[in-house]
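In order, the protein sequence lines correspond to chains A and B.
Each residue of the first sequence is one higher than the one before, counting from 1 in our numbering.
Each residue of the second sequence is one higher than the one before, counting from 1001 in our numbering.
In case anyone wonders, no lab produced these hints; they're calculated from the structure.
All residues carry an ideal CB built from backbone N, CA and C; glycine is no exception.
You may find that some hints are simply not true.
Label-pair distances were calculated between CB atoms; the ranges are [stated by the list, open to error]: (1) Ser314(A) x Tyr1089(B): 49 to 57 Å; (2) Asp1166(B) x Pro27(A): 50 to 58 Å; (3) Gln1281(B) x Val216(A): 43 to 51 Å; (4) Gly65(A) x His1129(B): 54 to 62 Å; (5) Ala332(A) x Gln1195(B): 52 to 60 Å; (6) Tyr1089(B) x Val22(A): 51 to 59 Å; (7) Gln1281(B) x Gly224(A): 56 to 64 Å; (8) Glu32(A) x Gly1075(B): 31 to 39 Å.
Listed next, the stretches of chain B that the computed footprint assigns to chain A, with coverage defined by at least 3 CB atoms under 8 Å from CB atoms of chain A [stated by the list, open to error]: (9) 1095-1103; (10) 1181-1192.
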Amino acid sequence: MTLHGHVPPEPDLVQLLTPEGVRVEHPDFPLEITDDEIKSLYRDLALVRRFDGEATALQRQGELGLWASCLGQEAAQVGAGRALRTQDMAFPTYREHGVAWCRDVDPVTLLGMFRGVSLGGWNPNENNFNLYTIVLGAQTLHAVGYAMGVARDGAVGTGEPDRDTAVLTFFGDGASSQGDVNEAFIWAAAANLPVVFYCQNNQWAISEPVERQSRVPLFQRASGFGFPGIRIDGNDVLACLAVSRVALDEARSGQGPTLIEAFTYRMGAHTTSDDPTRYRLSEELETWKHRDPIERVRAYLIREAGVAQEFFDSIEAEAEELAIRIRQACRALEDPSPLSVFDQVYVEITDELAEQRSDYADYLASFEGAGR
Amino acid sequence: MASTLTMAAALNAALRERLEADDKVLIMGMDVGKLGGVFRITDGLQKDFGEDRVIDAPLGESGIIGSAVGLAIRGYRPVCEIQFDGFVYPAFDQIVSQVAKIHNRSLGQVRMPITIRIPYGGGIGAVEHHSESPEAYFAHTAGLKVVTCSNPADAFSMLRQSIASDDPVVFFEPKRRYWGKGDVDVTGLLADAPQLHRARVVRSGADATVVAYGPMVVTALQAAKAATEDGRDLEVIDLRSLSPIDTGTVVSSVQKTGRLVVVHEASVTLGMGAEIAARVQERAFYSLEAPVLRVGGFDTPYPASRVEEEWLPDVDRILDAVDRTFSF
């Protein structure tokens, strides 16, 4: 036996609903869930996909400058998002539209930054959903700091369901290589903080496959930092929900951090500016289409729960209404005024910035016809 | 009631006063707990305020600032210590892309009242990365405010004001002046302190203006004293705030003296001196009798300590520059 000859066992993938829509049990993660609740999850998944698809279309029509689609990752996001309690805090990347949906953030709000009318524009504390963070992994440290505050506020391990608070932070397989993510692991472990690290391994960091990032399955990294890691079927909303619930419960009760690797697939391009045909094979996409996160729920509801077609028709109608509303509201988002760039740079504007603003206002006013 | 304190003790008193005044204030950094920081600025604070308010952080500058961001979102007011100037760069993204921008990104709906203390500058015979002056990087960044103190009284008032500020402040401490003493009114009210972002004329003079900040203010005053032997009466301004810059105070002085020399330890190219020179020529062009001159570090890496005294601006190099403004 040599050290380099040791082969770790193949990772276990927690799954509660097979790609064919068959409900299976996992000995460690039993999930008590009614068919009505599964119908509700189906609604989330279908509406998120419709919203996401509408945003991609809006980009193609020139209404958005860019869109980062979450196509294929709806279950990973909705499962985690629906495991949160009101008081919990989520720290997303820029692709967690499904989590935003679960936090009741209006999809139109998310479009602002992609249309270019703001750089974010929402209040993280209003829905306990942080601003989208574009620099990869930076938000995992924000989650750690927030969790330090939670612990200091005495909101961990009290046993009061409405008080104990967990922090859920998202990142991807690519960002797992970032220093900030690794620092976040270290801090969370050293202080036993109530953080759940939720890695959506969608197999691709733009054009780089996950093998470029890691020699071991990503969830295994947790053990080196001293907390549990687990891999789940990221296209199985029930597994995502069940395992996230357990991890968040353990965080709230003071047992410290967890790493969840939601094994999923980015069905679309990295963003609307990307061309995945340059670096990946269409066969791969076809394979993953058979593992679609929504089709399996639909199959379950039809075959095992006996849900009638009217239900699916009503969701389809609701999705269409949502798309229309989003389309109209997106087009109605107004461009910011040139002078607004000076607003909210500081809480207390500096004299020199106020002067720059005033000079620029004078300049704008100097054009013929200005101010009419 | 004034006491005579070192700058280090004045900074310590300011931190203590803020910890007492606001229970949302936290101190975090490497070795800030039992050790009291490598310069002892946080000496005794963990003992008196507890390990959850004076936090020994894991070794990671990005972690210190990144977690401060999360604490700020949660409603806290963190005061972060970066151990040495040259160690701030691993936190550069968190400072420049997160701390500086989140208030703006949220359309003003979340605040980042974070103070980042950085001991800076040379002259202490240190190894590499322990003597740098990185202030211009931060002064260049919108969303940050940047200040530096030159004496114990300012150290006390300016650090309290920085911590009380709802905007993020990068607070540069001139480490070679930590042990200099001065009178500090430790019972003074925060509201009575001079405005944080105003420069101060520390020596009135008629013939030429010398603008300095942080560690160079003492040196500039020494130069002004020496200049009297040549019959020259120098006005010395302590800039205090590097972002925003109190341009008005500098311009008024130049309108009186007609000559300006800007002094800092940082390399001259694209440094604070360049910005001040640009502003002065814009606003006081016809008052200038000579070009604005800069005295600063050369455009080299900060040198090995056995040659730093030659590299750093000193009294003679300031006087040489003053001479040149008169011989123009």
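Verification of the hints:
{"no.": "1", "hint": "Ser314(A) x Tyr1089(B): 49 to 57 Å", "result": "56 Å, holds"}
{"no.": "2", "hint": "Asp1166(B) x Pro27(A): 50 to 58 Å", "result": "52 Å, holds"}
{"no.": "3", "hint": "Gln1281(B) x Val216(A): 43 to 51 Å", "result": "60 Å, violated"}
{"no.": "4", "hint": "Gly65(A) x His1129(B): 54 to 62 Å", "result": "40 Å, violated"}
{"no.": "5", "hint": "Ala332(A) x Gln1195(B): 52 to 60 Å", "result": "43 Å, violated"}
{"no.": "6", "hint": "Tyr1089(B) x Val22(A): 51 to 59 Å", "result": "53 Å, holds"}
{"no.": "7", "hint": "Gln1281(B) x Gly224(A): 56 to 64 Å", "result": "58 Å, holds"}
{"no.": "8", "hint": "Glu32(A) x Gly1075(B): 31 to 39 Å", "result": "36 Å, holds"}
{"no.": "9", "hint": "1095-1103", "result": "holds (count 5)"}
{"no.": "10", "hint": "1181-1192", "result": "violated (count 0)"}
Of the hints listed earlier, those the structure fails to meet are numbers 3, 4, 5 and 10, in rising order.
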